[in-house]
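Trainee: Sequence:
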Amino acid sequence: MVQVVMGGAVPNFPRMMLISKEISLKGAFRFTTEFNTAVSWLARRVIDPLPLLSAEYPFAQIMEEINYIPNRAPAMLLNAQSYTLGVLIPSFQNQLFADILAGIESVTSGHNYQTLMANYNYDRDSEEESVINLLSYNIDGIILSEKYHTLRTVKFLRSTTLPIVELMDIQGDRLDMEVGFDNRQAAFDMVSTLLDKRRRRKILYLGSKDDIRDEQRYHGYCDAMTRRGLAPLRINPRAISSIHLGIQLMRDALTHTRT
1 MVQVVMGGAV PNFPRMMLIS KEISLKGAFR FTTEFNTAVS WLARRVIDPL PLLSAEYPFA
61 QIMEEINYIP NRAPAMLLNA QSYTLGVLIP SFQNQLFADI LAGIESVTSG HNYQTLMANY
121 NYDRDSEEES VINLLSYNID GIILSEKYHT LRTVKFLRST TLPIVELMDI QGDRLDMEVG
181 FDNRQAAFDM VSTLLDKRRR RKILYLGSKD DIRDEQRYHG YCDAMTRRGL APLRINPRAI
241 SSIHLGIQLM RDALTHTRT
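Taken in order, the sequence shown gives residues 1 to 259; the numbers are from the UniProt record's numbering.
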């Protein structure tokens with residue numbers, strides 16, 4: 001049997017141990033004669049998440065040799081902070097939300113935070129299940145991609161003391177914090193600019209999924225068109241946005257303008 005003395009050099013491990021795909025913490029302890037000392041040493045560092053395992057400790061070298069992967073779940077449950085944020089995204093097909101995720105992670109990574117992501121496909125019941133699931137991981141905060149939720153979702157979120165951020169919209173009541181813009185006003189300003197500066201007379205509105213923000217933008221478009229005596233024109237496939245859908249909508253729009 002291979003013996004390791006705490007404070008001594010770490011020997012080479014048998015090949016049969018190195019090829020193991022997964023090993024428990026108990027298995028790592030088999031390679032030290034100072035069992036109680038090792039347990040006490042490791043326990044202090046599991047309870048306190050700040051100190052990191054250092055290569056100067058033989059036990060840390062053992063864990064490195066056997067490719068031991070720490071289980072963060074107990075620490076997430078025991079500690080006041082899990083250093084994890086929950087993020088809900090309505091669609092992974094829309095490049096916009098991929099950019100939002102990249103922006104979130106550009107900040108969290110610099111503060112040693114991890115993100116747990118869930119996709120609910122613009123379905124409020126699915127969002128409700130995802131929120132409840134994320135809350136069970138003792139997350140430190142949650143980021144939502146819209147402001148309209150089921151009553152049960154709101155109840156669960158209000159029952160926590162977590163920071164809550166709702167993105168993409170500033171209309172209506174907010175649960176905690178909001179980061180976004182007025183979708184109706186933004187669409188109105190954009191269409192008005194096209195009509196005034198470029199003297200366009202025929203502007204089509206290309207919709208996607210019938211979510212609240214899409215309807216807000218459509219109403220802003222209609223406001224700008226009717227103010228100038230123009231008829232609103234809309235192509236709405238009632239599908240989740242994607243690159244392929246955008247290609248099809250552009251083809252439909254070009255066909256529509258020729259008729």
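Check the hints yourself; a few may be wrong.
What the hints assert, rightly or not - Calculated cross-link-like contacts (lysine to aspartate or glutamate; reagent style EDC-like; alpha-carbon spacing at most 20 Å):
(1) Lys147 - Asp176
(2) Lys197 - Glu178
(3) Lys155 - Asp125
(4) Lys202 - Asp189
(5) Lys155 - Glu128
(6) Lys155 - Glu129
(7) Lys147 - Asp125
(8) Lys202 - Asp182
(9) Lys147 - Asp214
(10) Lys155 - Asp123
(11) Lys147 - Asp123
(12) Lys147 - Glu178
(13) Lys147 - Asp182
(14) Lys202 - Asp123
(15) Lys155 - Glu178
(16) Lys147 - Glu128
(17) Lys147 - Asp252
(18) Lys155 - Asp182
(19) Lys155 - Asp140
(20) Lys147 - Asp211
(21) Lys147 - Asp173
(22) Lys197 - Asp173
(23) Lys202 - Asp223
As the list claims (entries may be wrong) - Per label pair, the in silico range of CB-to-CB distance:
(24) Leu230 - Val107: 39 to 45 Å
(25) Asp176 - Asn133: 16 to 22 Å
(26) Lys202 - Ser159: 47 to 53 Å
(27) Pro232 - Tyr83: 47 to 53 Å
(28) Asn133 - Thr226: 23 to 29 Å
(29) Arg158 - Phe181: 22 to 28 Å
(30) Phe92 - Ser159: 25 to 31 Å
(31) Gly229 - Ile170: 45 to 51 Å
(32) Asp189 - Thr160: 32 to 38 Å
(33) Pro232 - Thr160: 41 to 47 Å
If you are wondering where the hints come from, they were derived from the structure by calculation, not from laboratory data. Cβ coordinates follow ideal geometry from the N, Cα and C atoms, glycine included.
Trainee: When the hints from earlier in the document are held up against this structure, which numbers fail?
Mentor: Going through the list in order, the structure violates hints 2, 8, 14, 17, 18, 22, 28, 31 and respects the others.
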